[in-house]
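Trainee: Sequence:
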Amino acid sequence: MIGHKRIPGREGGVEVVVEELAAQLVCMGHEVTAYNRRCRGVPRQKAFNGAHLIWVPTINKKSLDAVVYSFFATLHALFGHYDVIHYHAIGPSVMLLLPHLLGIRTVATVHGLNYKTPKWKGFAAWYIRLGEKIVAKYADEVIVLSRDAQQYFLRTYGRRTRYIPNGVQLRQIRRPAQIKSNWNLAGDDYFLFLSRIVPGKGLEYLVDAYLQLPQPRPKLVIAGDSVHVPAFYQSIRQKVAGCPDVIFTGFVQGELLDELYSNARAFVFPSEAEGMPMCLLEAMSYNCPCIVSDIPENKEVMEECATYFKSKNTDALYRVLEQFRQPVARPNTRDYAACRFSWQKVAQNTCGVYAGKEEEDDCCNGADTGL
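Using the working numbering, the first residue of the sequence shown is number 1210, and each one after it goes up by one.
Simulated from the structure, these hints should not be mistaken for laboratory data.
From a predicted model like this one, the values you see are computed outputs, not experimental measurements.
One or more hints might be untrue.
[Unchecked claim] Once the Cα atoms are required to be at most 16 Å apart in a straight line, the calculated EDC-like pairs of lysine to aspartate or glutamate come out as:
id, residue 1, residue 2
1, K1330, D1417
2, K1271, D1454
3, K1428, D1417
4, K1428, D1454
5, K1448, D1417
6, K1519, D1503
7, K1214, D1434
8, K1214, D1292
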């Protein structure tokens, strides 16, 4: 598998997918290799949950990271005697042209239509467009996470794709402990935003809407880090300067993440464009009320399980936040998420794609495959 930053890790949805999918495939008896990006200060373990890990050099700059990493990862993979090379995300998938030319079977998962987000500009935007075209023309199989993306590839390139939505792992619902000692959060007294702090996630609209709310109001917890876009992060910090109700936690995981999801008044996800947002699946798995933008990808995941507002509309978001100033009943979405979004089913369907099975056959035949 090529395209993620590193596993184990929760730096983004791609990393969660690769980590969970690799573990499931190993449990099914397959040999899996994941190509991790080297990062200073990160231990280079040789295996995780049964998957082999190979650490690849890269350049830690926004416009070069994925390009350099995917090039070296692909060069190594060409000599790995793999049955399938599975690329994740459009940018790294540019390099699948190399194994394609050598007759190696390639699969590409499109985690989102990156052209929709303002994060990528200049060379990076051009490179992503190139990756999209290469995926459409040369990948043996293309996996998409949403029906919207499936229609896009069919309409734009005449390319049939496989629709395999992500899964979710049920974790323990926890009472506030660490969040109380760290940030004096007692439970049901904060809105939660959890994502990378980058353009396209809609955080600026959330902050503007939140600051209009009169007192008393829940606090706003912003959980996540900012990679390659310090100017955007600083612009958000400046917006909330002097406001004690806004809390920046930085990157969170493990029990601390469990507590934040378990005790939020509502999870707010104002993203402008997505593939299939993992954080919404996670929020549902904790029975957390969700306030989300009305983009097609969000509505496909949440259906009737969320309160929607018009994307990129601060006033519309403000009106919804106003409704949540008082406590609301927590929905029972955990069972729904577990039933509809199963990692075991994701792995079975992906295995069928590796084997070249027709779309109506969801199961894997269990034959050993090197990935």
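Trainee: Work down the list of hints and note, for each, if the structure agrees.
Mentor: Structure-based check of all given hints:
1. K1330 x D1417: 25 Å, violated
2. K1271 x D1454: 32 Å, violated
3. K1428 x D1417: With Cα atoms ~14 Å apart, K1428 and D1417 stay inside 16 Å; holds.
4. K1428 x D1454: Roughly 5 Å separates the two Cα atoms, so the pair holds.
5. K1448 x D1417: 8 Å, holds
6. K1519 x D1503: 5 Å, holds
7. K1214 x D1434: 14 Å, holds
8. K1214 x D1292: Roughly 22 Å separates the two Cα atoms, so the pair is violated.
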